[in-house]
Amino acid sequence: MSLSKGHIQEALDADAKLKSVTPIIQTLYIDDNVPAWLVSSILEQYFNFDISQGCLRKRFVKKNINSAGVKKRTRTKNPEERREEVILSILKSIRSIRFTPLLRSHPRLQRYRLQEKAIYSISQLLGSMFIQGSNKTWKSSPVGFVRPDGTELSPDKWRAIEAYCDSVSTMLRCNQIKAAQLLLNHLIHDLEGFIDQMDPLFLGRIWKLAMLLHGFDRRAPHLQAVSTVFRRMRNDSYTIYGPESPVADILDCIMGVEETDFRITIRIGFQETLKSFDDKVSDENIMTLSLWSTYAQYFCKPYVKPVKRKPLSSSPAPPPKTLPKAKRKSASESPPYERLKDSIRSDILLMKLKQVRAGCFNSERISSEQWRQSDACVRVSHYFAYTAFWVCGKTDEAADMARDIIQQSQPIMAAHPVWSGRAMAFTVASRIRAANYRHWLAENRRQHLSHQSDWAVLDTLFVET
280 MSLSKGHIQE ALDADAKLKS VTPIIQTLYI DDNVPAWLVS SILEQYFNFD ISQGCLRKRF
340 VKKNINSAGV KKRTRTKNPE ERREEVILSI LKSIRSIRFT PLLRSHPRLQ RYRLQEKAIY
400 SISQLLGSMF IQGSNKTWKS SPVGFVRPDG TELSPDKWRA IEAYCDSVST MLRCNQIKAA
460 QLLLNHLIHD LEGFIDQMDP LFLGRIWKLA MLLHGFDRRA PHLQAVSTVF RRMRNDSYTI
520 YGPESPVADI LDCIMGVEET DFRITIRIGF QETLKSFDDK VSDENIMTLS LWSTYAQYFC
580 KPYVKPVKRK PLSSSPAPPP KTLPKAKRKS ASESPPYERL KDSIRSDILL MKLKQVRAGC
640 FNSERISSEQ WRQSDACVRV SHYFAYTAFW VCGKTDEAAD MARDIIQQSQ PIMAAHPVWS
700 GRAMAFTVAS RIRAANYRHW LAENRRQHLS HQSDWAVLDT LFVET
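The sequence shown runs 280 to 744 under our numbering.
What the hints contain is simulated information worked out from the structure, not anything from laboratory work.
You may find that some hints are simply not true.
[As the list claims (entries may be wrong)] For lysine to aspartate or glutamate, the following EDC-like pairs were computed, each having C-alpha atoms within a straight-line distance of at most 16 Å: (1) K396 / E551; (2) K436 / D478; (3) K436 / E471; (4) K633 / D562; (5) K631 / E563; (6) K633 / D679; (7) K418 / E431.
[What the hints assert, rightly or not] Pair by pair, the computed Cβ-Cβ distance ranges are: (8) Y399 / N723: 52 to 58 Å; (9) N327 / T539: 41 to 47 Å; (10) E395 / D469: 29 to 35 Å.
Glycine included, each C-beta is placed from N, C-alpha and C at the ideal position.
Working from the sequences, and respecting the hints, build out all of it.
See below:
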């Protein structure tokens, strides 16, 4: 028999009512030896609790008189007098009985209060930025966001933070803990004035920054990257916006969440941000699409440990002994785009990126050569190549885009070797080309080894014959 949610709720309510009237039944039926029919009548009339005499006798069994000391029941000819006596005894002893309420209390869960405040703060913050029908509101453009005064929003400050995070990650991979700590201190120093003016990118990039810093803490716990960086940002938000502002609530949520709930909290915040952007901003925006790409990269594939692969010439590794290890190994060896779940369609994401890339260039305003040399073109190409390679699995398109980025950025990088958006795009393009080259080498070596094994089999057959 299948029980519905209503049946389960009725059973729970009935059990709660029984527990609330149990002291009364104990006093009347067991201690005072009141008849079962009278106890049942009193409960139904005064406490709105219906219980039959048979059920009462089964649930509350009277023990032996000699062993339990139960009073001998005295019968009376007038049941109404007996009822009045029992009610008077209840009224006299009502102060000594601790009654529980008939309705179960539902206390508010305090564990997820930070997450609830953060979700509300996201919609509140974006609602204050994007106001329909107002002249003083943020707007969306194909290459990013436009401030209320009409100027284009530059993501330079977030590029600087990502550059620091990339350098810290490199130092940790090389086991240079002191160098990573020094870079983290420089990052904290450069956060001065970071949140003086809020922009839409804050809500999208803050979740990625939390994931990166949390990864640093897992590699080197004594760095305390999350608490150090976000404490500085939270103190600045308290000074500028106050402790009850939406920005402070979001930072409080990231800092105060428990370790077991950290990843799911970041995912909820990121997802709520994307939903709010989808409601208020057109998706024909390269910044919004890059946030979708980041979300897919972090949360639309299972978290797997890196598997140390042996050289192709070595003996094969033994198969995993347990099912979780087998799934982890299979997921780690599959390309990133094959790990995507159905929550984000990679083909639709790539199609929107192509539409935005085609809509950014306007031949009436700027020539083709000027557009190819502009920072906006490099930014669009950077996000497109990243998404095409690591999210959508379009390695050929990503390789072509990476080649164009390197050709456009290499002369400027050689003349002015400073970290910028063009330098970041050049780094991503170089990684794509390096990954393609490694894949090409692995395929050639695999084919070479397979040919060698075929010739070895033929030699063996020739010797045997």
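Each hint, compared with the structure:
1. K396 / E551: holds (12 Å)
2. K436 / D478: holds (11 Å)
3. K436 / E471: Holds, because 11 Å separates the two Cα atoms, which is no more than 16 Å.
4. K633 / D562: With Cα atoms ~12 Å apart, K633 and D562 stay inside 16 Å; holds.
5. K631 / E563: holds (7 Å)
6. K633 / D679: Measuring from Cα to Cα gives roughly 14 Å; hence the hint holds.
7. K418 / E431: Holds: K418 and E431 sit about 10 Å apart, inside 16 Å.
8. Y399 / N723: 52 to 58 Å: Given range 52 to 58 Å: holds, Cβ gap about 55 Å.
9. N327 / T539: 41 to 47 Å: holds (43 Å)
10. E395 / D469: 29 to 35 Å: Holds - the Cβ-Cβ distance for E395 and D469, about 32 Å, lies within 29 to 35 Å.
The structure meets every hint from the earlier list without exception.
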